[in-house]
Amino acid sequence: MKPATSTREPFRSPAWPPGLPATLHTPRTSLFYNVEAAAHRYPDKTAIQYFGTAISYGQLQDEIERMAGYLQQACGIEPGDRVLLFSQNCPQFIIAYYAILRAEGVVVPANPMWLEAELAHVVQDSGAVAAFAGSELYQRVAPLHGPALRHVILHDYAGMLRDDGGLAVPAWLREAPPAPQAAPSGAMPVAWDAASAAGYRPLPHQAGYDTLCMLAYTSGTTGHPKGCMHSHGTLMTAAAGAVIWRGATPESVVLAVAPMFHLLGMQNCMNSPLYLGATVVLMPRWDRALAADLLERHRVSVWGAPPAMMVDFFSQPGIDARDLSSLAYVGGGGAAMPEAVANMLQERFGLPYVEAYGMTETAAFILSNPRNQPKRECLGIATFGVDARVVDPETLQELPCGETGEIVVHGGQVMLGYWNNPEANAATFIELGGKRFLRTGDLGFMDEQGYFFMRDRLKRMINASGYKVWPAEVENLLYGHPAIHEACVIAARDQRRGETVKAVVALRPEARGTADADPERIMAWCREHMAAYKVPRIVDVVDALPKSATGKILWRALQEREMQADHPSA
Numbered sequence: 001m002k003p004a005t006s007t008r009e010p011f012r013s014p015a016w017p018p019g020l021p022a023t024l025h026t027p028r029t030s031l032f033y034n035v036e037a038a039a040h041r042y043p044d045k046t047a048i049q050y051f052g053t054a055i056s057y058g059q060l061q062d063e064i065e066r067m068a069g070y071l072q073q074a075c076g077i078e079p080g081d082r083v084l085l086f087s088q089n090c091p092q093f094i095i096a097y098y099a100i101l102r103a104e105g106v107v108v109p110a111n112p113m114w115l116e117a118e119l120a121h122v123v124q125d126s127g128a129v130a131a132f133a134g135s136e137l138y139q140r141v142a143p144l145h146g147p148a149l150r151h152v153i154l155h156d157y158a159g160m161l162r163d164d165g166g167l168a169v170p171a172w173l174r175e176a177p178p179a180p181q182a183a184p185s186g187a188m189p190v191a192w193d194a195a196s197a198a199g200y201r202p203l204p205h206q207a208g209y210d211t212l213c214m215l216a217y218t219s220g221t222t223g224h225p226k227g228c229m230h231s232h233g234t235l236m237t238a239a240a241g242a243v244i245w246r247g248a249t250p251e252s253v254v255l256a257v258a259p260m261f262h263l264l265g266m267q268n269c270m271n272s273p274l275y276l277g278a279t280v281v282l283m284p285r286w287d288r289a290l291a292a293d294l295l296e297r298h299r300v301s302v303w304g305a306p307p308a309m310m311v312d313f314f315s316q317p318g319i320d321a322r323d324l325s326s327l328a329y330v331g332g333g334g335a336a337m338p339e340a341v342a343n344m345l346q347e348r349f350g351l352p353y354v355e356a357y358g359m360t361e362t363a364a365f366i367l368s369n370p371r372n373q374p375k376r377e378c379l380g381i382a383t384f385g386v387d388a389r390v391v392d393p394e395t396l397q398e399l400p401c402g403e404t405g406e407i408v409v410h411g412g413q414v415m416l417g418y419w420n421n422p423e424a425n426a427a428t429f430i431e432l433g434g435k436r437f438l439r440t441g442d443l444g445f446m447d448e449q450g451y452f453f454m455r456d457r458l459k460r461m462i463n464a465s466g467y468k469v470w471p472a473e474v475e476n477l478l479y480g481h482p483a484i485h486e487a488c489v490i491a492a493r494d495q496r497r498g499e500t501v502k503a504v505v506a507l508r509p510e511a512r513g514t515a516d517a518d519p520e521r522i523m524a525w526c527r528e529h530m531a532a533y534k535v536p537r538i539v540d541v542v543d544a545l546p547k548s549a550t551g552k553i554l555w556r557a558l559q560e561r562e563m564q565a566d567h568p569s570a
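Numbering-wise, full-length UniProt numbering puts 372 at position 372 of the sequence shown, and it's gapless, one number per residue.
Hints were generated in silico from the structure; no laboratory data involved.
One or more of the hints may lead you astray.
[To be verified] Straight-line C-alpha distance at most 30 Å; calculated DSBU-like pairs for lysine-lysine:
(1) Lys435 x Lys547
(2) Lys468 x Lys547
(3) Lys468 x Lys435
(4) Lys375 x Lys435
[Said to hold, decoys possible] Simulated restraints, written as ranges between beta carbons of each label pair:
(5) Glu528 x Ala168: 50 to 58 Å
(6) Thr53 x Val341: 28 to 36 Å
(7) Arg162 x Gly402: 53 to 61 Å
(8) Glu403 x Ala158: 17 to 25 Å
(9) Ser315 x Ala158: 26 to 34 Å
Don't be surprised by glycine CBs; every beta carbon is placed ideally from N, CA and C.
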């Protein structure tokens, strides 16, 4: 299909924040240079605060250089080699991430909730040759160690902890990690401390703005995770733009709660603060009481979190007595912020919750509400250098203000494309007026002031507590259950998660009436075969699934039926 031609200039919102430039000059360097520059400017300034451990920018650069040297000299990592990063938030995550970049490798971040099959697909598809992993995750990596991954470096979350009498460290962080066992291939992992102490130093850094530096995997409607190719430049564009848009400075203190394997946490809690030379206060896992302690103790000024996390935080006992006066910015995205919570933030703390919109494909930051004029349940306006439009999803004709269509975006932060997936690239990118636009798959409209609002999803994504769940991927896994003949996964309303995963299944004839057909047993099986956020919380067993004349399962009919059951008056 040939798209409509448009030569108009990008629409600039009249709500553009006063004092902000219309365009932004992004540094034409690699991301590693940000840490190197901060280490020269602020060598003794705290880069990472991890409970009682303060790591300065000078120390951070030294740790990165040591690990990059090990990657190059001991592991044989060459420019362009892919390296898996499989960990929860911790100092080693940040060091490993930047060590891979310093060694001119390509980071492949992996969700710690992934199980063996999910991890194996990403390792195979990316061609990763080495990995960093948390010790407790090695049992999932071990089957790949040797056949695919030549080297695996393990770290413990307590490895960089110092005694801290003023703040309780979660007990699980202090637990002794399991003793490393040889992989089935006979390969043995290397301990982080041993790799760091080896004393290797890397070769001169040659990577630049246009160099591929990350494959971030996101699931699609086919059910197969796809690798989004990001360069130093695409990530730099989003990281630099975000801090200027939000008014952050080198003196900002950022609470890093969002998981860093995800673009939201990676950009907002790591790449953006390190670009500035700001301080990152690390939290390995969400704990609302600990978050309150860290906010108070370290005078956190910037906090980005999805609405579900904010709701949980502000509903904890005693929150009114906490001193949160240091907070200057709170924001997030992934779901609409409840009106009552947004009102409470504004009235009690004088803080607007600034909603934004981004995707793995756009390095997280592409639309955002202005700090001075945010709108509720709104994606925001196009940010620096971004051209965002609404088009008819069938004809690709641009639609006027107020009409609902598919949101498409163009900007320096948009990914280079999907890794080794020309079909997905052809379906995802279109040309308008000589510019390449990304089809977001989200339906929305733009008002006369240039604010974008979400209406629906063109694709079948389920947003469960900020985690993206793709029904086709869960369906593919469900078909591995011995009792299931057919499966259709849809979204169901959930007061806590916003949306949750529901599976509607038809059984094999021989399984009907057996213990394996029990919904609870099916959910238990799912917990063993897929990441926890993908597991159906509801399983509905039916005689047959509705189908079209061609035998296609009518998922939309099931979804509409679910929504009508939830809102019978609709």
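Here is how each hint holds up against the structure:
Only pairs whose Cα atoms come within 30 Å are accepted, and lysine 435 paired with lysine 547 is rejected, the gap being roughly 40 Å. Our distance criterion of 30 Å between C-alpha atoms is met by lysine 468 and lysine 547, whose separation comes to about 26 Å. Between lysine 468 and lysine 435 the CA atoms are separated by roughly 28 Å; this keeps the pair inside 30 Å, and the hint holds. Under the criterion of a C-alpha separation no larger than 30 Å, the hint pairing lysine 375 with lysine 435 is consistent with the structure, at around 29 Å.
In this structure the supplied range 50 to 58 Å is violated for glutamate 528 paired with alanine 168, their Cβ-Cβ distance being about 33 Å. One distance hint, 28 to 36 Å for the beta-carbon pair threonine 53 and valine 341, holds here, with the actual separation near 33 Å. Between arginine 162 and glycine 402 the beta carbon distance is about 56 Å. The supplied range of 53 to 61 Å therefore holds. The hint said 17 to 25 Å for the Cβ distance between glutamate 403 and alanine 158, and at roughly 55 Å that hint is violated.
Checked against the hint of 26 to 34 Å, the C-beta distance between serine 315 and alanine 158 comes to roughly 30 Å, which is consistent with it.
Against the hints set out earlier in the document, violations occur for numbers 1, 5 and 8.
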